[in-house]
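Trainee: Now for the letters of each chain:
There are 2 protein chains.
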Amino acid sequence: MAEANGTQPVAAERQITSALLVIGDEILSGRTKDKNIGHIAERLTEIGADLREVRVVPDVEEDIVDALNALRRRYTYVFTTGGIGPTHDDITADAVAKAFGVSIDVDPRAKAMLLQFIAEKDLNEARLRMARIPAGADLIANSVSKAPGFRIGNVIVMAGVPAIMHAMLEVVLPTLDTGPRMLSETVLANAKEGDIAAPLKAIAERFPGVSIGSYPFTSDTGPNTNLVVRSRDPHALAAAREAVMAMVAGRQSVG
Amino acid sequence: MAEANGTQPVAAERQITSALLVIGDEILSGRTKDKNIGHIAERLTEIGADLREVRVVPDVEEDIVDALNALRRRYTYVFTTGGIGPTHDDITADAVAKAFGVSIDVDPRAKAMLLQFIAEKDLNEARLRMARIPAGADLIANSVSKAPGFRIGNVIVMAGVPAIMHAMLEVVLPTLDTGPRMLSETVLANAKEGDIAAPLKAIAERFPGVSIGSYPFTSDTGPNTNLVVRSRDPHALAAAREAVMAMVAGRQSVG
Numbered sequence: 001m002a003e004a005n006g007t008q009p010v011a012a013e014r015q016i017t018s019a020l021l022v023i024g025d026e027i028l029s030g031r032t033k034d035k036n037i038g039h040i041a042e043r044l045t046e047i048g049a050d051l052r053e054v055r056v057v058p059d060v061e062e063d064i065v066d067a068l069n070a071l072r073r074r075y076t077y078v079f080t081t082g083g084i085g086p087t088h089d090d091i092t093a094d095a096v097a098k099a100f101g102v103s104i105d106v107d108p109r110a111k112a113m114l115l116q117f118i119a120e121k122d123l124n125e126a127r128l129r130m131a132r133i134p135a136g137a138d139l140i141a142n143s144v145s146k147a148p149g150f151r152i153g154n155v156i157v158m159a160g161v162p163a164i165m166h167a168m169l170e171v172v173l174p175t176l177d178t179g180p181r182m183l184s185e186t187v188l189a190n191a192k193e194g195d196i197a198a199p200l201k202a203i204a205e206r207f208p209g210v211s212i213g214s215y216p217f218t219s220d221t222g223p224n225t226n227l228v229v230r231s232r233d234p235h236a237l238a239a240a241r242e243a244v245m246a247m248v249a250g251r252q253s254v255g
Numbered sequence: 001m002a003e004a005n006g007t008q009p010v011a012a013e014r015q016i017t018s019a020l021l022v023i024g025d026e027i028l029s030g031r032t033k034d035k036n037i038g039h040i041a042e043r044l045t046e047i048g049a050d051l052r053e054v055r056v057v058p059d060v061e062e063d064i065v066d067a068l069n070a071l072r073r074r075y076t077y078v079f080t081t082g083g084i085g086p087t088h089d090d091i092t093a094d095a096v097a098k099a100f101g102v103s104i105d106v107d108p109r110a111k112a113m114l115l116q117f118i119a120e121k122d123l124n125e126a127r128l129r130m131a132r133i134p135a136g137a138d139l140i141a142n143s144v145s146k147a148p149g150f151r152i153g154n155v156i157v158m159a160g161v162p163a164i165m166h167a168m169l170e171v172v173l174p175t176l177d178t179g180p181r182m183l184s185e186t187v188l189a190n191a192k193e194g195d196i197a198a199p200l201k202a203i204a205e206r207f208p209g210v211s212i213g214s215y216p217f218t219s220d221t222g223p224n225t226n227l228v229v230r231s232r233d234p235h236a237l238a239a240a241r242e243a244v245m246a247m248v249a250g251r252q253s254v255g
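So the protein lines, in turn, are chains A and B. For reference, each letter of the first sequence is one residue, going 1 to 255 in the UniProt record's numbering. For reference, each letter of the second sequence is one residue, going 1 to 255 in the UniProt record's numbering.
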């Protein structure tokens, strides 16, 4: 027991965690269907900076500030999407400045980036809003429309438009601290979820360092189940996967 | 000023708000792409019980309990999706019981529902887990697989599988209190977002009871913008929409 308690904090220290804050009335009204959560989740899992929580909040400054402050204290990184365009409902940058208690103004570096894409005569006051960046933030280049995202502290602010968000995310990911990757293997159960729940639970108890998920689906041949085995330890993963495969094979040879 | 302050609480009292708690490691790992948020958002908007916040949390009891307690105190209704199947990773019902401080056991009404679909010989311990319901909850019928959802207090617990969730949602929605619906109209700007931001902001300021959103997109003919005007007041909505259309038409006759 003492040994287990002694080793836990080390593992916890190495683990990098992320949260995502999706900002926008249009997601909450159902008008726009979010396409960003799944992509960000996949990419963070791939690099070992696991997504642990997502929140979606409206274009309301207080709600953005409160969610951001709750998340940035709890997770290694917080990503935001949405609300950094040129119109009056784009209030993310101001909300982030407020959450950090810093000033915000047109950033000459961001303005220079906009001028790569927008002629000076078209760079009106509204478009210049996209160059408003909280003091102390680093810019995140955007190869699609040039209007930058930014990073301040552990908060990474990205566009909501998927193609632009993707471009920004790929700029940011290589700069992040990462931990050991969560590895996963999927085993097709060839069974209904309820018929394998008991042996699956027994396997889950035998491998406490491995997370085993059960995902039912319906195929042409009827109900079936995907069993997903996940661990950061490749040896534990292989052993648990083998146990799951043996359980599935054992059922099939009987049935 | 006194009059405005006097009328505000009445409007606030009538407003029905909802939150959604999506439960599942598979959403946070990116393995499963959520298809429920957008559907629930649309349906709640349609009936006038607006979705105000979404959270996605992992299959971890403490995280579910904490999120549920935060949301159920703040919003009229809280919907959950996921984690009510037969396997060891389905822990939503137990977490809800814990959040409410009530006991949980196999509910005879829920067991009777399962027996409509599952032969008694196949109703093993694992499947019987799907009849574990917190004390004091009302069941929500499920026409697809029979395993019920439930409602306790202001919390509505639904399946994560979209077809089953849809069936449960349609059972629940007619039983909810609803407020005046948020109405919305979309006007195509035929302009880049940054070119109409200033007149749009002026319109937004003229109609404080109307929310005006600007959503850029790229079509075959280049960048364009949808302007979405939203209000619970049909007269205010019509007036703001007319102002937006006049602004768009004025720009086109000039250009």
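In case anyone wonders, no lab produced these hints; they're calculated from the structure. Hints are supplied without guarantee of correctness; some may be wrong.
You can't tell identical chains apart in this list, so a pair holds if it fits in one copy or across any two.
What the hints assert, rightly or not - Capping the alpha-carbon separation at 30 angstroms, the derived lysine-lysine pairs in BS3-like fashion look like this:
#1 Lys111 / Lys146
#2 Lys98 / Lys146
#3 Lys121 / Lys33
#4 Lys121 / Lys35
#5 Lys192 / Lys146
#6 Lys146 / Lys201
#7 Lys121 / Lys146
#8 Lys98 / Lys33
#9 Lys33 / Lys201
#10 Lys201 / Lys121
#11 Lys111 / Lys121
#12 Lys111 / Lys192
#13 Lys33 / Lys146
#14 Lys111 / Lys201
#15 Lys192 / Lys98
#16 Lys35 / Lys98
#17 Lys111 / Lys35
#18 Lys35 / Lys201
#19 Lys192 / Lys121
#20 Lys98 / Lys111
Trainee: State the violated hints by number, sorted upward, taking the hints as numbered earlier in the document.
Mentor: 3 and 4
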